[in-house]
Amino acid sequence: MFYKFIQSVDKHLSFPEAKAHCDVPCGIYDPAPAQIDALTVVRMMDLMTELEQGEEKKRLEYHNTLSRYISVKEEHAEKAKHEIRVIWGDYIKDAHIEKHPELSSLVHKIMQLGSTSRQTSNREHGVAFVDAINQFAEIFWATKNIKTKKANAPYAPGLEMIYPDL
Amino acid sequence: MIKIIKVTGESLSPFYLPGDYILICKCFYFSGSLNRGDIVVFTHSSYGLMIKEIDRINFELQQIHVKGSHPLSVDSSKIGPIAITDILGKVVFHFKNPKHAN
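Order-wise, the sequence lines are chains A and B.
So in the working numbering, spot 47 of the first sequence is number 47, and the numbers just go up one at a time.
So in the working numbering, spot 4 of the second sequence is number 4, and the numbers just go up one at a time.
Some clues are possibly wrong.
[Stated by the list, open to error] Just the calculated beta-carbon pair ranges, DEER-fashion:
{"hint": "1", "chain 1": "B", "residue 1": "Lys3", "chain 2": "A", "residue 2": "His96", "range": "21 to 31 Å"}
{"hint": "2", "chain 1": "A", "residue 1": "Leu60", "chain 2": "B", "residue 2": "Pro14", "range": "52 to 62 Å"}
{"hint": "3", "chain 1": "B", "residue 1": "Asp55", "chain 2": "A", "residue 2": "Ser115", "range": "42 to 52 Å"}
{"hint": "4", "chain 1": "A", "residue 1": "Leu13", "chain 2": "B", "residue 2": "Lys96", "range": "17 to 27 Å"}
{"hint": "5", "chain 1": "B", "residue 1": "Asp55", "chain 2": "A", "residue 2": "Phe5", "range": "26 to 36 Å"}
{"hint": "6", "chain 1": "A", "residue 1": "Ser71", "chain 2": "B", "residue 2": "Leu23", "range": "20 to 30 Å"}
{"hint": "7", "chain 1": "B", "residue 1": "Thr43", "chain 2": "A", "residue 2": "Lys4", "range": "25 to 35 Å"}
[Said to hold, decoys possible] Chain B is nowhere near these chain A residues, computed Cβ spacing over 12 Å in every case:
{"hint": "8", "residue": "Thr40"}
{"hint": "9", "residue": "Glu50"}
{"hint": "10", "residue": "Asn64"}
{"hint": "11", "residue": "Lys93"}
{"hint": "12", "residue": "Asn122"}
These are calculated hints, taken from the structure and not from any lab test.
Each residue gets a CB set at the ideal place from its N, CA and C atoms; glycine is no exception.
This is chain A alone, in the form it adopts within the complex:
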């Protein structure tokens, strides 16, 4: 009964939360895996388009290859979302959000674009997914006072990416 009373007060006043951490806080956070995963999504979309424009669509081999491209696209879109969620949940603190108030909506946008990239084969969605994660990477490195640079990825699809300028 007393618990319920405190719980109802908490709903109005939001008591501070103390973490009883259980995982090992290694402190290693980097948006690079998410960036690579998002690039992979676009690469799979390109390969799917190439395959679709080719011939011999009735062959079993065609369906097998297309299935594999779709499977990899699905997997990497979800991996990218996971990587961003981990940084968002474990690394980003209130002070970061105060300094970069666009972070909340950006993370939400990344989640949505990741889902859209899974649902469709539209390259524009995939590129928007990469762009949003690049924006996230730029802010992430800014929180560590590390300068960033733009450069094209040295592999297909060769999109412009944000890298830490170390």
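Knowing the structure of chain A, use the given hints to seat chain B on it.
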């Protein structure tokens, strides 16, 4: 001096579980009653507000070393010693989440 805090995470399970509330008090500053085994809430530069059990107290350096009760809990070997001045309070009352009663 007295605060109510909500517990998140599992490192003090099965004694303190996510959703539990605790009443903490900074009265140990006056009574000097900070002991091994006390559950304390403190601020950590990287991890924010944390709740842990005192494992050791170094009165000379005015530091405590902490641990959890869960086997996978993070202890002071990972997060370092905690300055006594960073302790927000010692748990004086525990409101258990009835969902965990069974």
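Hints, one by one, checked against the model:
Judged by the Cβ atoms, the range 21 to 31 Å given for Lys3(B) and His96(A) holds: they are separated by roughly 25 Å. The supplied range of 52 to 62 Å is met by Leu60(A) and Pro14(B), whose beta-carbon atoms lie about 55 Å from each other. For the hinted restraint 42 to 52 Å between Asp55(B) and Ser115(A), the CB-CB distance of approximately 44 Å keeps it satisfied. Between Leu13(A) and Lys96(B) the Cβ separation comes to about 20 Å, which falls inside the hinted range of 17 to 27 Å.
For Asp55(B) and Phe5(A), the Cβ-Cβ distance of about 34 Å falls inside the hinted range of 26 to 36 Å, so the restraint holds. Between Ser71(A) and Leu23(B), the C-beta spacing of about 52 Å breaks the proposed range 20 to 30 Å. As the Cβ distance of Thr43(B) to Lys4(A) is approximately 29 Å, the hint placing it in 25 to 35 Å holds. With a least CB separation of 31 Å from chain B, Thr40(A) remains clear of the 12 Å interface cut-off, as annotated.
Taking the minimum C-beta to C-beta distance to chain B, about 46 Å, the non-interface status of Glu50(A) holds against the 12 Å cut. No Cβ of chain B comes within 12 Å of the Cβ of Asn64(A); the nearest lies about 42 Å off, and the non-interface call holds. With a minimum CB-CB distance of about 7 Å to chain B, Lys93(A) fails to clear the 12 Å threshold, and the non-interface call is violated. Asn122(A), annotated as away from the interface, keeps every beta carbon of chain B farther than 12 Å; the closest lies near 39 Å.
This entry does not satisfy hints 6 and 11, going by the numbered hints stated previously.
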